[in-house]
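Build out the structure end to end from the sequences listed, making use of the hints.
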Amino acid sequence: MGKTKLLVAGLALAGLTLAGCGGGETPGVAGTPNPGNVTTTAAGDAGTGAFDSIKALSDAVTAKSSDAQSAKMTMKTSAAGQNINAEGEFRFAGADTVMNMTMEVPGFGEMEMRLVEGIMYIKMPAGSAPDSTKPWLKIDPSDSSNPMAAQMGSLLDTAEKADPRNMLEEFAKVGEIKDVKSDTIDGQDTQKYTIELELAKLAEDNNLGIDKATAAELEKAGMKTIVYDVWVNDDNLPVRIVSEMTVQNQDVKVQVDYSDWGVPVDVEAPAASEIGEFPGN
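Numbering-wise, the sequence shown is residues 1 to 281 according to the numbering used here.
These are computed hints drawn from the structure, not numbers from a lab.
Straight-line C-alpha distance at most 16 Å; calculated EDC-like pairs for lysine to aspartate or glutamate:
#, residue 1, residue 2
1, LYS173, ASP52
2, LYS138, GLU277
3, LYS192, ASP229
4, LYS201, GLU169
5, LYS173, ASP59
6, LYS76, GLU244
7, LYS192, ASP257
8, LYS123, GLU268
9, LYS64, ASP235
10, LYS72, ASP186
11, LYS123, GLU87
12, LYS224, GLU204
13, LYS55, GLU169
14, LYS201, GLU170
15, LYS192, ASP179
16, LYS181, ASP52
With beta-carbon atoms standing in for the labels, derived distance ranges:
#, residue 1, residue 2, range
17, SER128, LYS224, 39 to 47 Å
18, GLY94, LYS212, 20 to 28 Å
19, GLU104, ASP52, 38 to 46 Å
20, GLU104, ALA271, 21 to 29 Å
21, LYS220, ASP131, 41 to 49 Å
22, THR246, THR74, 20 to 28 Å
23, SER142, LYS220, 31 to 39 Å
24, ASP260, ASP131, 33 to 41 Å
25, THR184, ALA221, 29 to 37 Å
26, ASP234, ASP143, 39 to 47 Å
27, THR246, ASP140, 29 to 37 Å
28, GLU268, GLY222, 43 to 51 Å
29, ASP143, THR184, 40 to 48 Å
30, ALA126, ASP234, 39 to 47 Å
Just so you know, even glycine gets a beta-carbon here, dropped at the ideal spot from N, CA and C.
Structure (structure tokens):
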């Protein structure tokens with residue numbers, strides 16, 4: 001039971017890299033939007049114009065968010081009729097990324113996850129920890145004695161990739177903008193970019209978690225591209241990222257919303273006295 005819940009938490013966190021970049025399953029064919037007209041503007045300039053390349057968009061977002069390296073986020077993942085909702089806050093800093101996130105998993109309850117100094121801490125749902133006074137579990141990828149480190153160590157890399165700036169940098173290497181539309185999200189004027197990524201290039205790059213073996217399986221299923229929708233406001237800050245696809249004949253949608261860019265984010269590790277042993281140890 002405990003290990004199953006941990007793996008469910010891992011799947012939910014993997015949604016931060018947006019379904020399709022985690023590999024491992026064989027989805028159906030994703031639709032490709034028709035190219036649209038793009039009104040260009042200089043990288044770094046906010047306004048009503050849109051960027052004509054992912055590189056220009058990525059450069060603008062990076063330039064604007066360099067001084068606002070933290071944000072709040074909410075995530076909605078739906079798959080096979082189940083919904084997983086999460087909310088939290090990040091400070092994006094590569095290997096020094098910190099995170100605090102809570103999620104509600106159907107059938108399991110509420111879980112909390114913290115990332116501090118490269119170590120992931122997971123608070124089990126009420127009543128599921130062997131010792132109720134020690135509800136936290138520790139995942140240190142360098143600890144070979146940890147039975148779940150090998151299976152869930154990739155969560156640390158996933159959390160780092162949740163930085164939308166990193167996503168756009170990788171998108172620029174393997175994709176192109178297919179459509180741009182003006183849209184309003186939570187009262188903010190935004191540009192909605194539909195971005196198409198080439199599967200073959202993803203496999204060559206491998207920075208988004210799709211290696212050549214996974215790409216081969218996807219291509220056998222008839223899939224050649226992965227499509228994302230990215231909303232960016234007039235300040236060149238990401239507001240929403242969405243991916244939809246079919247995995248093993250099940251529709252999967254992941255939506256991540258970002259807000260309050262630049263908000264102070266301080267995350268502390270749980271007290272050592274509250275950290276318990278992994279189930280089955």
